[in-house]
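4 protein chains.
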Amino acid sequence: MSFALSPQTVRGEAVVAAASSLVETFAQRAQAADAANQVSRENFDELIERRVTSAFVPVELGGFGLESIHDWILTIATLARGDASTAIALNMHLVVSRGMVQAYTDAKARLGADHPTTDGLAQLLGRLVTGEMLICATATEPGTDNLHPFTEAVRDGDHADSGWRINGRKIFVTLSPIATHLAMNLRLRDADGDHLASVLLPMNTPGMTPQDDWDALGMRSSGSQSVLFEDVRVPLPDLHKLGPWGRWSVGNLQSRALANLPLVGAFLGIAEAAHDTALAHLATQSRLGQPASENSGVRHVVAEMALELGQCRAVLGAAALQMDDYFARHAPAESVATMEDAHRLMLDYQVAKWTVNRGAIEIVSKAMDLLGGSGYTNSHVLARLYRDVRAGPFMQPFGATELREYVGKVTLGMWPDQ
Amino acid sequence: MSFALSPQTVRGEAVVAAASSLVETFAQRAQAADAANQVSRENFDELIERRVTSAFVPVELGGFGLESIHDWILTIATLARGDASTAIALNMHLVVSRGMVQAYTDAKARLGADHPTTDGLAQLLGRLVTGEMLICATATEPGTDNLHPFTEAVRDGDHADSGWRINGRKIFVTLSPIATHLAMNLRLRDADGDHLASVLLPMNTPGMTPQDDWDALGMRSSGSQSVLFEDVRVPLPDLHKLGPWGRWSVGNLQSRALANLPLVGAFLGIAEAAHDTALAHLATQSRLGQPASENSGVRHVVAEMALELGQCRAVLGAAALQMDDYFARHAPAESVATMEDAHRLMLDYQVAKWTVNRGAIEIVSKAMDLLGGSGYTNSHVLARLYRDVRAGPFMQPFGATELREYVGKVTLGMWPDQ
Amino acid sequence: MSFALSPQTVRGEAVVAAASSLVETFAQRAQAADAANQVSRENFDELIERRVTSAFVPVELGGFGLESIHDWILTIATLARGDASTAIALNMHLVVSRGMVQAYTDAKARLGADHPTTDGLAQLLGRLVTGEMLICATATEPGTDNLHPFTEAVRDGDHADSGWRINGRKIFVTLSPIATHLAMNLRLRDADGDHLASVLLPMNTPGMTPQDDWDALGMRSSGSQSVLFEDVRVPLPDLHKLGPWGRWSVGNLQSRALANLPLVGAFLGIAEAAHDTALAHLATQSRLGQPASENSGVRHVVAEMALELGQCRAVLGAAALQMDDYFARHAPAESVATMEDAHRLMLDYQVAKWTVNRGAIEIVSKAMDLLGGSGYTNSHVLARLYRDVRAGPFMQPFGATELREYVGKVTLGMWPDQ
Amino acid sequence: MSFALSPQTVRGEAVVAAASSLVETFAQRAQAADAANQVSRENFDELIERRVTSAFVPVELGGFGLESIHDWILTIATLARGDASTAIALNMHLVVSRGMVQAYTDAKARLGADHPTTDGLAQLLGRLVTGEMLICATATEPGTDNLHPFTEAVRDGDHADSGWRINGRKIFVTLSPIATHLAMNLRLRDADGDHLASVLLPMNTPGMTPQDDWDALGMRSSGSQSVLFEDVRVPLPDLHKLGPWGRWSVGNLQSRALANLPLVGAFLGIAEAAHDTALAHLATQSRLGQPASENSGVRHVVAEMALELGQCRAVLGAAALQMDDYFARHAPAESVATMEDAHRLMLDYQVAKWTVNRGAIEIVSKAMDLLGGSGYTNSHVLARLYRDVRAGPFMQPFGATELREYVGKVTLGMWPDQ
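Protein chains in written order, with the numbering used here: chain A, 1 to 418; chain B, 419 to 836; chain C, 837 to 1254; chain D, 1255 to 1672.
Just chain A, with the same shape it has in the complex (with noise of 0.2 Å):
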């Protein structure tokens, strides 16, 4: 009840569960963690001994199998319940280890189980599963938007087995500081155009300049630095094209959507804890022998954010159910997508980002007023859930001056390409 998420798959609750022994071990480094504004290092060990982090790779191959969208999100949402800032970190590598035991998946399907391909993405998920690969992601640039990278990559060369040089500046690369790779997103200016490309790099492939410029307001420990890129070579093969640069596809949408919806997942679990942080206060409280919860004043303010949380719960757990029935109708087999799915996937969760990020940044407000001058103390979790909190309206596709002008237009049947 209350509308709390809970685990729609069996493999699901057993991510969940493993996520859920971490939060509170999590929310003790935390305040730690954020005052040395660093990765913690500690957080991730244990998400790989408990195996989160090889939360999508199939049972097989030693992880938890995890499929359903929803539950991947509820796994973050109650990490962010310990920190939000490895919660978010954590989804940057699972988003590109999701793709990567897809692309095995498709290779087992279609080469069968021995072929040396499938054999050597099985190697590679492998790898997720002793931790030997983190992996974290590139979207963000300045002065752009996620469609338009100006990262580029170009021929190295005019031979046919040229390779490519890739230059350009990231920044928001959360995790980088601990991870052994990172997957970008790029321009690849071709001969037949320009198009929107990935590719996977290690971190310490030559011309690659992590800049340790990480110091932000709240989610100080998610390790969100620049990364410079000076004439980066790449083998021919390694990059792949996603479609027409500057365009939206089917394929991006979906992508972008699915990678960004257990995004909010954190910023619920931030609300959560900031309302379970206001509860426990009050449980505490009297004013001139009168209990907290005798106070009207205090129960209006407990209701507005129980509301609030009730609001944010049951709009992400139904964007969540939506967005696993979309991929179980757009499975390949079954039926292509049309623009209109895909925009309509990504309205959803636009409208879950929204009501989430901005709801959740009510809750911790309404948590402050609920503990008065002891929540403001720097010290206190509730500084850290105020500052951290903010980051969600940053998040892109959309950001806060997008967002209701993206909306309007799907809503009023308008599939924008760009």
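A portion of the hints provided could be inaccurate.
Rough simulated footprint, nothing fancy, chain A against chain D, three-plus residues with beta-carbon under 8 Å [as the list claims (entries may be wrong)]:
1. 1395–1409
2. 1540–1548
3. 1613–1625
4. 1648–1654
In short, the hints are calculated from the structure, not lab data. As the structure is a prediction and not an experimental result, all values here were calculated from the model. We treat Cβ as the ideally placed atom computed from N, Cα and C, and that holds for glycine.
Once you have looked at the hints, place chains B, C and D on chain A.
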């Protein structure tokens, strides 16, 4: 997608389909019924014909055998897209008929299908199917709340088999102008104290006088007149005690939440009608040659309306699923609900009530903004929706000045018994 | 205190006192006028008798000599506490009469008191005092905005002294059923291009046909019917050019802000009436023996209503003072206003419009929450206020879908010329 | 225009000009002071030098002779645009110094300018001008409110001339790290009962121990540490009784409203700084070649920020004017205020507090939306404003969980005495 509710059961799908087939016709009649300030007899004839009035009656007895509360709510929401007055009037009948179906099912399980009691109940249900019975219900009286009805039944003599005499006045007796029977709540003053009790009475019972005094701002064709009870005599066994007067019990909490959550669906239906009306209008509009959809100001308001609608749908849908889950868990043989359980159920209904009643008001208001002066015309559907939608926050429990107090208490772990 | 507006000038005090003396009577007539869907002739007879209709007419000519815009607004707000339809209808007359007073004052200053032009204008003003002239004004047409009227005047022949021929259709011509004259805005198509222009016409001018089609959700006794213009002939000198068609000018911006800010006062008056109605109701209510004021839930809603009312009053009061200050600074002899100045004046009006129109809707809604079912009765004053108050956001410039775009532009330092 | 506050008196104009001249410098120091978590000594040196600290001191004694509360508020709001911590710290000093000025003025009127008492007070005021005296004030203790201080003074012996002994702990003693004196509120337990009382003490009084424990989320350079009082001895006549302990009186209500309304100004200053920061940022931004101002989504958020700022300014400005008017009407010789008068004054302050504290939070949040990631950088001014602004709702009377209860009561005509 878009957080629209869809049937969760096969039987629910059939009921919702029957309801859907009536929406357009109901919408066409709604303005005239509103102007006439009368219940639409034709609407109810069609609801009987399509067996929506016998939705809960078992299939074996000619009904749909509906069990899912979620799908009940969706039925009400669907009808309300055409005419909310009819939808809330029907809901009164469905609440009571659901109770009668439970009595039949219990008797059948306990006494067997051939027992006269079972058979008597089966025949009663048969009259629901034919439309011979159409039942309204009382809930509200002036100056008190549902838990403390002032209308009272006292023993009508000193003999062991003396019946009861009922006196009082009920307001908002929706559907009563065309109902054949009335299910009422009252205070039973007995030797062992005061009890909440109920009784089912034919509308033509001597001493019962409908007041024909319903002339409201909105919900004008719901027939929510008041009814006067002057020395209404009922035989001894017809009154059913439901628990102590003025006290919440597990049963009361459950039945009040159950009866009222579908009413929230009516306000979702109003919101959906307003939303769709606005979009249909905008599709035909232009200003100085520019289509309305090209206007960014329009898009922002459309987005705000759509975001709010997504939230209302998600919250009501989640509350509905939770309620089905609650009754599955707390079916008699399985588990006995505690006061905490029952208050948490009531809490979830309040979250849905708060969200949808207020959200629907906001959505209708945004639709007004989008239509400008044309929606403000008295004969325009939106003008009626604007009047109808305002009835939502009054519905008990809990009214607009009580809801937050209650939600605050339960969130703080208090289980009020009055 | 409580942010209530109070007269800023001695003359304003007299006008407001006259208005105040009518509030109670207007309130008593309001429900009947609303039901009859007709302008209250009695109200206007009394407004004439108390010289509220001649508020702006100089004292020497029998009026109040009102100059303060603040006090004009307070006059409208005061009357709207009794009957908002009458208040907005009167405002049309006051806007036009204020212009006529300016013409007289200018003529007197320029030509002397004895000049025939001055004298002619004085006589015209005399007819305002006697009530022989009651003037409505046009502003709106379907499918366009105030800056781009489609109703047009073209030359009615080739002679130098040929007059004009007007064709078009105006909607929302408030007060027109009992007005003697109509001041209209139109597009004047001339040899040197298209102009905004105005003309004052007797209501019985051939070719002008009131449509008797006003039947709205609210503001029902405002007489806001549409008027058709078919080959309406006017002599050459009667049309006054006001600037280029479709272009904002300093003059247009000023006159639109000036004419419409008092209308915002009408919605403040509605809010005040709703607030007072709710408090009066609560003073008589109890539930289960507890006075309403002892109920903390009631107190919270009362507080929210009072906070909102304080905000509305403060913002409208400040906007009014700013407007008086603006016109004091930009009186012809002193200073010429720039487009920036004029847009900033318009911006301030928009802040007041946004705040009060939306706040008043919210206040009426809170009052509904406080009255519960009794305020939802069709004959209750609150039901009328609920319908009347929704007219606010439509008022131009700028409607609900345009206001934020405009405010955003001006705040960003853009001075749009259309 | 734009609802910006402007000085209402000539003296106020001079003080505001002095404050304005410091804004830029304060802003430059603010980030460092925030990081150091220390009161900026340099800021106060300059405030002393420009005589802002002696704003209320009569001109004849070297101050500005400020009388207008409106202009006091504007002074605080102005300084807060540069550094809100400094502004609220200064306000403590101004509150107390205003009281000292009143004592001097009263003595002069009553006893003559040459009386030793008058002269003693004049010399004290002289020390305000030189900066020899900088005064902090206590208000808050944990677990109670302003009306019920637990810190208490008891007689220190049985002799007629025995002094007092004070014990207790005060929190949020803003400015105390650099103050020379402390004005404290306490409970005086006397033979005739418990009283609210005050006393002015040098910071180096034996038994007073500042705790150096201020390390908050925001307002970090306000020096709001706690101070411990252990057997602090004060001579008999230094304590001033202010009315019964735990009871509102006209005097208490007036002095609490008076002291705290200027604090609201500090949050308006924060809002203005955030608003201006956002507009300055946007003027330099473009995305994919499109200037930010061309983006309609940006314009909508800018508009919402500007609308909210207009509301905050208008409400605070109106409350300030009302307070000046109140004290003009209730100057001793004129009229004695009733409890109703005093509660209505307090009510108006609450309306301003609610509006501005919440509005400022919203404005900072909109500014965050407009800046995106760049405002979320730890070193960015907006990150500090985001932390500082959240202190507003805690300020008493009344905190966020109490304000609506109080406003509801007074609106309903209840004049609570505790």
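Results for each hint:
Coverage of the region 1395–1409 of chain D by chain A holds. Counting CB-CB distances below 8 Å, 4 residues qualify, and the rule asks for three or more. Against chain A, the region 1540–1548 of chain D contributes 3 residues with a C-beta closer than 8 Å to a partner C-beta. That satisfies the three-residue criterion, and the hint holds. Counting residues of the region 1613–1625 of chain D whose CB lies closer than 8 Å to any CB of chain A gives 5, which reaches the minimum of 3, so the coverage claim holds. Under the rule that three or more residues need a Cβ within less than 8 Å of chain A, the assignment of the region 1648–1654 of chain D holds, with 3 such residues.
In terms of the numbered hints stated before, the structure departs from none.
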